[in-house]
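Trainee: Residue numbering for the sequence shown follows the numbering used here, beginning at 284 and increasing consecutively.
Calculated directly from the structure, the hints in this document are not laboratory data.
Pairs of lysine-lysine, DSBU-like flavour, derived with a Cα cap of 30 Å:
(1) Lys-390 <-> Lys-364
(2) Lys-373 <-> Lys-303
(3) Lys-331 <-> Lys-426
(4) Lys-390 <-> Lys-401
(5) Lys-373 <-> Lys-419
(6) Lys-364 <-> Lys-303
(7) Lys-307 <-> Lys-390
(8) Lys-373 <-> Lys-307
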Amino acid sequence: MESTGGSDPVVTVNGIGYAKHRTKNTNFAILVSTAFTEPFHEPIAYGKYLARLTNLISGGVLVQRLGDLMDGRRSTDARLKHSLVEPSLKAATPGDLSFALPYRYLKSIIEMLQAMDKLAPGVASPHTLLYGTEVKFYSSQLKLTPCLETEISNMFA
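With the hints as extra help, turn the sequences into a complete structure.
Mentor: Structure follows, in structure tokens:
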């Protein structure tokens, strides 16, 4: 887990590999990029909103079995205890990612897991654990002088 810090922090998930702390699990991220169109100009606020929604639902980071997501139900402690994959992030709360992420994002994540499953069978297992939410805070921003000149000489924003 990591916090965005600052005056308005949110807790997000970020896969970290530790050399000395080994688990049987494999960790990777699937990120879905969005190119927003007019009139929307607040991608960082939107990302924070999604992360904050996950925090509201789970109290921090949420974990869900892929099988539960596909069946339209939330993961519970009981289902996780009977799962073949033991959660490596013990602080994550079982829940339902469909309450935190838009359909388009979930669909893209599921499609990617299913495509990966053809190359590495088992990736799209019902026991696969999904942690959320990971949000990358970046957007295209121009570097401007105090006179609003861009990095291209005589081009102003």
